[in-house]
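**Q** The listed protein sequences correspond, in order, to chains S and P.
Reminder that position 109 of the first sequence reads as 109 in this note's numbering, one-by-one numbering, no gaps.
Reminder that position 231 of the second sequence reads as 231 in this note's numbering, one-by-one numbering, no gaps.
Please keep in mind that the hints were generated in silico from the structure rather than gathered at the bench.
Among the hints, erroneous ones may be present.
[As the list claims (entries may be wrong)] Now the stretches of chain P that chain S is said to cover, found in silico as 3 or more residues with beta-carbon under 8 Å:
1. 104 to 117
2. 148 to 156
[Stated by the list, open to error] Below 20 Å or equal to it, Euclidean Cα-Cα: the simulated SDA-like pairs (lysine to any residue) are:
3. Lys74/P / Gly134/S
4. Lys74/P / Ala32/S
5. Lys185/P / Ala32/S
6. Lys60/P / Ala237/P
7. Lys185/P / Leu68/P
8. Lys143/P / Gly134/S
[As the list claims (entries may be wrong)] Quick partial rundown of chain S residues pointing at chain P, CB under 8 Å, derived from the structure:
9. Ile139
10. Leu143
11. Ile162
Glycine included, C-beta positions come from ideal geometry on N, C-alpha and C.
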Amino acid sequence: MAGTLIVFWAFAGLAVVSALCCITRRSPVASALWLVVTLFSLAALFVLLDAQFLAVLQVLVYAGAIMVLFLFVIMLLNLGRAGPTDLRGPAGLGVGVLLSGLLLVQLLALRQAGLSPSVAVAPGAVARIAAEQGMVPAIARPLFGAYLVPFEITSVLLLAAIVGAVVLAKRRL
Amino acid sequence: MTFFLVSSVIKILVVFTALMVIIALLTLAERRICAWMQDRLGPNRVGPQGLLQPAADGLKNLVKEETLPAQADKVLFMLAPAISFIPALLTFAVIPFASPLPTPWGDVDMVVANLPVGFLYILAFGSLGVYGIVLAGWSSNNKYALLGGMRASAQMISYEIALGMSTVAVLLLAGNVTLTDVIAKQSGSLFTWNVFPLSLGFFIFLVASFAETNRLPFDLPEAESELIAGYHAEYSAMKFSMFYIAEYSNMVTASALMTSLFFGGWDVPLTSWDSTPPWTLLKTAVTFGSFALKTGFFLFFFIWVRWTLPRFRYDQLMALGWKVMLPLALTYLTVIASAIWFLHDRLGWTYDARFALTLFGLNVLLAVSLLFWLDRGHIVAGSVAEEGGRA
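Could you build all of it, start to finish, from the sequences and the hints given here?
**A** As structure tokens, this is what we get:
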């Protein structure tokens, strides 16, 4: 148990520190890399929650594909060198502090309220389901059964985003 | 618990050492085989048949001067070789290389980590390897290196999709994502090796893994005739060597993966003696030999292709990836999934040689039609038309 706690705090700390670095670095490439580290430590936390499949998907999809694409775009547009900060003037800084304060209050309120019973999972339940049905079916069954309609609607949303991006990028099709 | 820890540590040390030795020998094998194909001798001066050449190269790389370009991003420039090197070595961890080894304290699985998500782990860490190349290209502050890095990222993303899609067919047949299960499913007979029921999938996997390992004919990121040496143009000494170690280690993993996914892993064909308990030391040794032989063949195949085929042009590479490989993989997946559903769910067949051979027949049909579609009036159709014209 002590070992698990050490691993948890190590990766939780790494996730927070790298997330901070991600938003404070001036160079887009450094920001993107710190984001990769954040995603990676989140994957480690997923493993601690017995969700190895989610962890692997996190690394495969986010760290392995999406962030590589980010880096590719940063390099293609030659944005690699450090630029000026986006927080321009005291007004921008004020709005930033206000919004992050609001987010903090929301998070604290969530923590006060606790998890609603409909989404709470008993300790060890994930490992038990995974042992019974296998790691992948434990996710696939609900996704393609009970939650099929939201899942398909999400894919339509993604399609709309792709079409929008093509229309924006290519004025003349 | 103690036994698990001790056996894991021993396995990690042994596998790591063995991998490094194999990689060192591979550099020699590549040069000797290349020389043989070009009717030369190759390096044969250091040690018997040049066997100590890798050691001499390693020593040379250690004592050479490390250069650092003046305008380079220093941290990333130093980190990039390590970033490409570490995932390349990590991926081998989930590949089972022999049947379980009996010890007085219990059976030891001959795999460093038998993860429940085994195969996906390889895809995940394999996809991280590209960071090393991209960052090396970017941090060198050299336009050729940058071009190499950008090519690498575009190429890896394009072929990763085809690679993933072709393996989904394997997972459909095996019904699980752990590599031990994939191998167990194939050990029934020779024809249940996935290369028979999924031969076209194997072809897609083969082509995509050449692109993923940046080997010829897809070594566009380093294309020396156009980009000097691409992403590692600015690197010298051991850092340069680390990119090579990463490339060869990716080759070893890709070969081991082809063996495990399509050629029965450590299964010895035509007998079920090797894949049924009780486990003995002899079985472990024989199955390891079988695994090493198959993997060794694919390593030779990588080298063989490298010194046989010319390099693609960049636009050809991208067109092949997106216009041929991806639609092909998607179509194939749909057809195979329907076929498996029909045979398994409608006809109620269990997975055996008959099942596999039926799928093999389907694959041959698909392969022939694919060949004619790819050919479209070039070689086969062209010569037929010519003969018809003469007659």
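**Q** Please list, smallest to largest, the hint numbers that this structure does not respect.
**A** Hints 3, 5, 7, 8, 9, 10, 11 contradicted; others consistent.
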